[in-house]
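This is what each chain is made of:
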Amino acid sequence: MKLRKFNVTAPGPIIHPGKVHPVQAVIQLVREAFLEMGFTEIRGSIVQTAFWNFDALFQPQDHPAREMMDTFYLAHPKKGRLPRRSFVEATAKTHENGWTTGSKGWQYKWSPQEAKRLVLRTHTTSVTIHYLAEHKTPPVKAFSVDRIYRNEKLDYKHLAELFQIEGIIMDKNVTLRDLIGTMRDFYLKLGLEKVEFWPSYFPYTEPSAQATAYVPELNTWIELCGMGIFRPEVLAPFGIKHPVLAWGGGLERLVMLKLGVDDIRLLYRNNLSWIRRHPICQ
Amino acid sequence: MPVITLDKDRFSQFIDRPITVEEMAKWLPWLGASIEETGPDFVKIEFNPNRLDFSSYTGVARAFCGLMGWKTGLPEYVVKRGSIVINVDEAVSDVRPYILGAAIYNIKIDADSIAELMEMQEDLHWGIGRDRRKASIGVHNLDPVEAPFTYTARDPETSRFIPLGRTTEMNLKEILEAHDKGAAYRHLVDWAPKCPLLVDGKGQVLSMPPIINGELTRVEPTTRNLFIDVTGPDLNAIAKSMNILVTALADMGGSVESVQVKYPTQTITSPDLKAEQMKLRIRYANRLLGLKLSETQIMQALSKCRLRATRLGRGVLNVSIPPYRTDILHEVDLVEEVAIGYGYYQLKPTRSAALTRSKQHRIQQLANHVRQVMIGLGFTEVMNFILTNEANEYVKMRKRVGRVVRLANPVSSEYCIARENLLPSLMRNLADNKHETYPQRIFEVSDIIDVDKRTETRSKRKLHVAAVSIHSKANFTEIKSYAEALMTNLDLQKREIIAVKHASFLDGRTAGIQADGSMIGVLGELHPEVLNNFELENPAGAFEINLEKAI
Chain A
26 MKLRKFNVTA PGPIIHPGKV HPVQAVIQLV REAFLEMGFT EIRGSIVQTA
76 FWNFDALFQP QDHPAREMMD TFYLAHPKKG RLPRRSFVEA TAKTHENGWT
126 TGSKGWQYKW SPQEAKRLVL RTHTTSVTIH YLAEHKTPPV KAFSVDRIYR
176 NEKLDYKHLA ELFQIEGIIM DKNVTLRDLI GTMRDFYLKL GLEKVEFWPS
226 YFPYTEPSAQ ATAYVPELNT WIELCGMGIF RPEVLAPFGI KHPVLAWGGG
276 LERLVMLKLG VDDIRLLYRN NLSWIRRHPI CQ
Chain B
-10 MPVITLDKDR FSQFIDRPIT VEEMAKWLPW LGASIEETGP DFVKIEFNPN
40 RLDFSSYTGV ARAFCGLMGW KTGLPEYVVK RGSIVINVDE AVSDVRPYIL
90 GAAIYNIKID ADSIAELMEM QEDLHWGIGR DRRKASIGVH NLDPVEAPFT
140 YTARDPETSR FIPLGRTTEM NLKEILEAHD KGAAYRHLVD WAPKCPLLVD
190 GKGQVLSMPP IINGELTRVE PTTRNLFIDV TGPDLNAIAK SMNILVTALA
240 DMGGSVESVQ VKYPTQTITS PDLKAEQMKL RIRYANRLLG LKLSETQIMQ
290 ALSKCRLRAT RLGRGVLNVS IPPYRTDILH EVDLVEEVAI GYGYYQLKPT
340 RSAALTRSKQ HRIQQLANHV RQVMIGLGFT EVMNFILTNE ANEYVKMRKR
390 VGRVVRLANP VSSEYCIARE NLLPSLMRNL ADNKHETYPQ RIFEVSDIID
440 VDKRTETRSK RKLHVAAVSI HSKANFTEIK SYAEALMTNL DLQKREIIAV
490 KHASFLDGRT AGIQADGSMI GVLGELHPEV LNNFELENPA GAFEINLEKA
540 I
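These protein sequence lines map, in sequence, to chains A and B.
For what it's worth, our numbering labels the leading residue of the first sequence as 26, then goes sequentially.
For what it's worth, our numbering labels the leading residue of the second sequence as -10, then goes sequentially.
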């Protein structure tokens, strides 16, 4: 029998494998980094009361971040339910005069009505503080990589809906230096070797810091995440007794860096040739 | 976030020594400012809203000199007892009840410092004043006016003056309606029958708070004596604004004199530039930072942050805080000052010893199982926003709009509701990919939000999976096989497939998926009208399953 010889160099028909979305691939990398470090994954509601999104994090009710310009409020359903009374009362007093925390507080009359307003969460920290209020036995190490919302007009740098990476460690005697050490380990796992820490400010952490990382491919430093130790005014109303180290940053920036994308909107345009073309390991 | 552009030469006058742009860019971030931009002779920094004292050259210079060790410790401010009185009329108590004043003498200003003062005012209006609602500032040339002043409320139609930037008199109503500042801030006063007004002993108008000053007291480069007024409904906020502004003016060389503010029931002497006192426990600071600093080291660190610490007892310091540091609320804020004075760059990493076992969230784990099966079946994952619009979700899908989660302030009509299904997003993806090669098989495993009155947030986030297969031979049988393969692998054994009607699918080729007696999904051939609405030319099969039952 004689077989006809094929032209083995001729191109075969193109087929495309089923595959994971490139952003999802990075989410999985980040999750793995947390899981390798012994963190528990948490998940909570995307719609939050202003109470958990802002008040529980010691953001005064007239804080600029709470304005309609920055936060998506809901027209329907409009208002949610406040948690147990002891939480609400302690939070109210902490805002008004510092309660038993030794703080001056924000010196205004706290409104429960304002705290009931429903928002699309502006950070996953609303879920974190809720989780801590229910898990007070140290050590607690928790993380999430999940959706958050900003009232932002879409352009090449901004999205209204994006993913936040967040982690916390609550334990006896954890310190700012521990937070810096943990951050170094975490970003090393994601391939960022040179990370620096600078003073910064967030309403619910003190001391606060921000991390920047050197990206050799771009020969530049980028902002990675904000971090700090939760303020006593955040912990006391929920009876949390030990320091909480926390950090949070955007996922998309990391994704854009890894994929070499410079228009953030491309990430969720779901252009099939873009997804099909992207090697799954990079 | 507020920014300030620091010209190198001007900045060096404030720090009393020459400096390079490189040195500024190197050290300013260690104060908590981030470098926005550097040029050949300037550094533009963005500062955090807690440090509004960085809104002036002198404010930055003060902190910078401390950090560099050139000038440390508490800056002291002297307020001489002045003779100016502000009488507060009861009439203003319903509109904008509080005012504080200060007089500044013998200050040398130029065009640059006037511009700087204006920017500083804007930063304070934003950061403390909450866009002038809680506090607004007026800076005046003191010389053309005569004390005592009266802070009162007047009828908007009969009171008149020349507002800043105009040449003719306008009445208050005209200013609210026709002046650009009036249009911008009228909502703060126009609900009241009378408008707040600050007038001098001869009845001349200094300002119409919080809208605009009078032309009469315009500050020029030749001005040497200033009068400051801060008004608002919140005495605490106006005192903070006053302190940050007046300390900057004092550091610019002005000498500060007090003003007696006489309310019907009390008299307040302003400004109050006394240092505030707070305790700091050495052990508390060291424990939070992870350091073992001695009392002396901590006192030195605080001194570099322009605070003064004295020993109060064993392990406890008394810390004096300058009046411009309005951000220090709690002992923990002093701990951060210790870290800044010590230098964040000196903080060596350590690791917390806590041994914990990692745990994935069961929903994320399930989503990953779904991903694995769908990819195995040859589907490509897409990721869409939860925010969407009615046209895509309902009209194009031939469905009626229900009571969905809806935004009060959407940024565009394209993103105004939360999706309650994934499939419409996938249809839009197909529409966007019409020019790509077929077959196309895509899926999404992600969240939807349903209204649910029983929960704390009146809504519930649920994990769904949806998939579409589109090509010339796509049909019911194909998509059913895919759906069955997925469900079998998710161990959804007790499911039942029944014939149903669904507006988005072809009648007679639509099946419902039931589990434990409730409907958890739908599968079928998409209705030609739906395909047409998304301008698709091939037949398509799709399914969507609520995964709550599989968890």
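Take the hints with a grain of salt, since some may be wrong.
Derived DMTMM-like pairs: lysine to aspartate or glutamate, alpha-carbon spacing no greater than 25 angstroms straight-line [what the hints assert, rightly or not]:
(1) A/161 - B/439
(2) A/197 - A/66
(3) A/104 - B/439
(4) B/388 - B/436
(5) B/33 - A/248
Just so you know, the hints here were simulated from the structure itself, not pulled from any lab data.
Results for each hint:
no. : hint          : result
1   : A/161 - B/439 : 30 angstroms, violated
2   : A/197 - A/66  : 21 angstroms, holds
3   : A/104 - B/439 : 15 angstroms, holds
4   : B/388 - B/436 : 20 angstroms, holds
5   : B/33 - A/248  : 17 angstroms, holds
Of the hints listed earlier, the one the structure fails to meet is number 1.
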